[in-house]
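Enquirer: Sequence:
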Amino acid sequence: MGQSSYLHQSHNVSNLVYHFVCPAKYRRIVVSEGVDECIRQTCAGIELRYEWIEFLEIGTDKDHIHFLIQSTPEHSPGEIIRVVKSITAKRVFAEHPEVKKQLWGGEFWSDGYFVSSVGKNTNEEVIQNYVKQQGTQDSYQQLYIKI
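Just so you know, this note's numbering puts 97 at position 97 of the sequence shown, and the rest follows in order with no gaps.
In short, the hints are calculated from the structure, not lab data.
There's no promise every hint is true.
Within a straight-line C-alpha distance of at most 30 Å, the following computed DSSO-like cross-link-like pairs (lysine-lysine) qualify [as the list claims (entries may be wrong)]:
#: 1; residue 1: Lys25; residue 2: Lys90
#: 2; residue 1: Lys25; residue 2: Lys62
#: 3; residue 1: Lys25; residue 2: Lys85
When you get a sec, could you build the whole thing from the sequences and use the hints?
Expert: Shown next, in the form of structure tokens:
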């Protein structure tokens, strides 16, 4: 994980960074240290499998997770987050069956999500620090003080 860079492809150069926020189903408090680690390891595997997804930062709170992801213009934010949510949910349920019992509907993630693009050299560092500080009391206030 780190800073974004310009991605050079045969017919384009891009710097597309997205800030996603994905709540757990029913906003249940299910993101323990074990689930956090499981999601981070799964995301590392996603990066290897999908070369067009790079996680710049992952931040967890008890009932939602922030992802700062860089991708390419061929892939929409919706496609990116569908891949991330699908694979991470399967892995969490496989490694943490107690979470599946808490969510009794068979889904880890809420259907919706938040997404925002992050500009290079403007808000990216602020957003990255905000994502990194998830779970701390002042993280929300810090974001809006710095912007």
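Enquirer: Each hint: holds or not?
Expert: Going through the hints against the structure:
1. Lys25 <-> Lys90: 14 Å, holds
2. Lys25 <-> Lys62: 12 Å, holds
3. Lys25 <-> Lys85: It holds: about 12 Å lies between the C-alpha atoms, which stays within 30 Å.
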